[in-house]
Amino acid sequence: MKTISLDGEWTVSQQGAALSLPAQVPGDVMTDLFRAKKIPDPYHRENELLVQWVGEADWVYQRQFKVTAALLREDRVLLQCEGLDTFADLEINGTAVASTENMHRTYAWDVKPLLKAGENTIRVVFRSVNDYTR
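Just so you know, the numbering used here puts the end of the sequence shown at 342, numbered straight through with nothing missing.
Hint data in this document are derived by calculation from the structure and do not stem from the laboratory. Because the structure is a prediction, the values reported are computed rather than measured. We treat Cβ as the ideally placed atom computed from N, Cα and C, and that holds for glycine. Treat the hints with caution; some may be incorrect.
So the derived label-pair ranges between C-beta atoms look like this [what the hints assert, rightly or not]: (1) 309 / 219: 16 to 26 angstroms; (2) 255 / 304: 28 to 38 angstroms; (3) 252 / 210: 39 to 49 angstroms; (4) 282 / 254: 48 to 58 angstroms; (5) 321 / 253: 42 to 52 angstroms; (6) 235 / 260: 14 to 24 angstroms; (7) 313 / 263: 13 to 23 angstroms; (8) 283 / 224: 35 to 45 angstroms.
Under the rule of at most 25 angstroms between Cα atoms (straight-line distance), these lysine-lysine pairs were calculated in the DSS-like manner [what the hints assert, rightly or not]: (9) 274 / 210; (10) 210 / 324; (11) 320 / 274; (12) 324 / 274; (13) 320 / 210.
Given these sequences and hints, build the entire structure.
Written out as structure tokens, the structure is:
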């Protein structure tokens with residue numbers, strides 16, 4: 209079985225915002241925003257109160273990855289995700305893959321029909337848990 213790791217450099221942006229920032233996967237939006245100096249250290253003193261808005265927003269993680277013609281000759285190409293934080297919508301090349309509702313499991317989907325040889329884009333929208341609990 210061939211494996212392509214999607215760990216590493218991604219971008220993150222608030223849903224609907226034009227500005228995107230460098231991000232690391234695995235990781236989390238608070239750490240990425242802090243690294244980019246967009247929020248104060250959320251673990252310092254009472255800064256947690258200043259960053260509550262982060263949990264109210266939806267966040268988009270995105271990156272490009274290359275797919276070889278050899279990979280497309282495989283019977284299946286699985287996208288495996290571990291620890292997607294609760295509510296997430298996944299897309300490849302603009303087509304929906306799945307929606308998730310549980311961080312504490314591993315997901316796998318056959319995404320071969322969505323891939324093309326060369327550059328591909330994966331997009332993960334993390335939905336605010338606060339919206340769901342209201």
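Cross-check of the supplied hints:
Between residue 309 and residue 219 the beta carbon distance is about 24 angstroms. The supplied range of 16 to 26 angstroms therefore holds. At about 36 angstroms, the CB distance of residue 255 to residue 304 agrees with the hint of 28 to 38 angstroms. Separated by about 43 angstroms at the C-beta atoms, residue 252 and residue 210 satisfy the suggested range of 39 to 49 angstroms. As the Cβ distance of residue 282 to residue 254 is approximately 52 angstroms, the hint placing it in 48 to 58 angstroms holds.
Taken as a hint, the range 42 to 52 angstroms holds for the pair residue 321 and residue 253, whose Cβ atoms sit roughly 50 angstroms apart. In this structure the supplied range 14 to 24 angstroms holds for residue 235 paired with residue 260, their Cβ-Cβ distance being about 20 angstroms. Between residue 313 and residue 263 the beta carbons are some 22 angstroms apart, a value that agrees with the proposed interval 13 to 23 angstroms. The supplied range of 35 to 45 angstroms is met by residue 283 and residue 224, whose beta-carbon atoms lie about 39 angstroms from each other.
Only pairs whose Cα atoms come within 25 angstroms are accepted, and residue 274 paired with residue 210 is accepted, the gap being roughly 13 angstroms. Our distance criterion of 25 angstroms between C-alpha atoms is met by residue 210 and residue 324, whose separation comes to about 16 angstroms. The straight-line distance between the Cα atoms of residue 320 and residue 274 is roughly 13 angstroms, inside the 25 angstroms bound, and the hint therefore holds. This hinted pair checks out: residue 324 and residue 274 have alpha carbons roughly 9 angstroms apart, not beyond 25 angstroms.
For the given pair, residue 320 sits about 13 angstroms from residue 210 by alpha-carbon distance, which is consistent with the 25 angstroms threshold.
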